[in-house]
Amino acid sequence: MHRQRHRQILSGRSAGSILAIATILAAGCSTDDGDATATVATEDASGSPSTAPSESSGDSTDPTADDSTAETTADATDPTLNPTSDTSDTRVVPCESPVDAEFVGSLAITNADDIANIQQYSSITGGVGISTEEITSLDFMACVTSIGGNLQVFGTAAEDLAGLGNLTTLGGSVAVSENLNLREVWGFEGLTEIGGAFVIQQNPVLTGIFGFDQVQQIGLGVAIDENPVLTDVAGFDALVAVGTDTSDQPNYPDLSMTYNPELLSIRGFVGIRALSGQLVVQANPKLCISEIKSLADMLQQWIQMGEGNTSGNNDDC
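Convert by adding 639 to the 1-based position in the sequence shown; the result is the number in my numbering.
Don't read these hints as lab results, they were simulated from the structure. Certain hints may be false.
As a list, the in silico EDC-like pairs of lysine to aspartate or glutamate whose alpha-carbon atoms are at most 20 Å apart [what the hints assert, rightly or not]:
| # | residue 1 | residue 2 |
| --- | --- | --- |
| 1 | Lys932 | Glu901 |
| 2 | Lys932 | Asp955 |
| 3 | Lys925 | Glu901 |
| 4 | Lys925 | Asp955 |
| 5 | Lys932 | Asp954 |
| 6 | Lys925 | Asp954 |
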């Protein structure tokens with residue numbers, strides 16, 4: 640039942656708050672990249688990414704929240720709060736054979752021939768769908784710097800996404816779901832915005848989400864749902880707004896974190912100041928309600944509209 644929803648393309652738009660977001664982006668970003676709005680590419684990869692997001696959160700009560708090096712200063716007494724930032728196995732995958740060619744359209748990567756094909760290009764105008772258990776590493780993506788549409792990593796056997804570390808432009812959504820061996824999501828240091836949605840769902844051994852430190856805007860929504868051992872959501876230190884897409888196409892610009900039974904920290908979203916959809920942080924029994932409330936205090940618009948859901952979390956801390 641959930642999976643049908645999770646594999647839909649994010650396309651739907653809830654009303655109101657674009658003006659508020661535009662005002663915050665104009666006044667609040669410390670570094671001005673020019674155009675404050677993100678646009679969504681019309682083309683999707685085969686095996687479209689996404690989900691209609693519905694929730695999210697952040698933590699301003701965490702003493703590391705005001706420190707840009709929060710990942711390295713998290714509570715040292717509990718290593719599960721920060722499983723990645725100090726580990727030596729965080730890999731960087733260089734582009735050893737640079738190319739300068741553009742593929743017009745979308746690509747589906749399911750076998751060795753598809754891998755050889757995409758290695759000829761640095762830019763894809765459409766989407767990229769990577770979907771098969773035969774793929775154990777995404778290192779073949781190391782020379783791809785631009786994807787105009789959606790990026791989907793679905794049902795692979797990869798343990799990390801290090802091969803995507805050189806990506807600088809993503810016009811659509813990023814969706815990472817049902818990857819049996821994926822333990823951590825990190826990297827993506829070159830991205831400054833995500834044109835579509837950010838979706839991380841149903842990855843059975845995923846423990847942490849890190850990186851994305853330069854991303855200021857997410858055009859549609861955020862959905863981090865149903866990851867059974869996920870403990871820490873960090874990164875996103877520069878994120879200002881979720882739901883910045885001002886196109887006429889509808890979307891679901893919500894901030895959603897639901898049904899993550901081991902989730903302890905959502906400090907990655909502490910700096911967010913604008914949300915054009917709903918805040919839904921629900922059914923995370925180990926996540927302190929104080930973290931969620933501190934994020935909601937930052938989202939005055941959410942408080943005034945009274946939208947969202949924060950039930951099923953830890954109400955005793």
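Agreement of lysine 925 and aspartate 954 with the hint, judged by alpha carbon distance not exceeding 20 Å: holds (9 Å)
Hinted pair lysine 932 and aspartate 955, Cα distance within 20 Å: Holds - the C-alpha atoms of aspartate 955 and lysine 932 are around 13 Å apart, at most 20 Å.
Restraint status (C-alpha distance of lysine 925 to glutamate 901 at most 20 Å): holds (6 Å)
Distance restraint between lysine 932 and glutamate 901, which requires alpha-carbon spacing of 20 Å or less: With Cα atoms ~19 Å apart, lysine 932 and glutamate 901 stay inside 20 Å; holds.
20 Å limit on alpha-carbon distance, applied to hinted pair lysine 932 and aspartate 954: Distance ~11 Å between lysine 932 and aspartate 954 Cα, so the pair holds.
Pair hint lysine 925 and aspartate 955, alpha-carbon separation not exceeding 20 Å: Holds: lysine 925 and aspartate 955 sit about 10 Å apart, inside 20 Å.
Checked against the numbered hints above, the structure breaks none of them.
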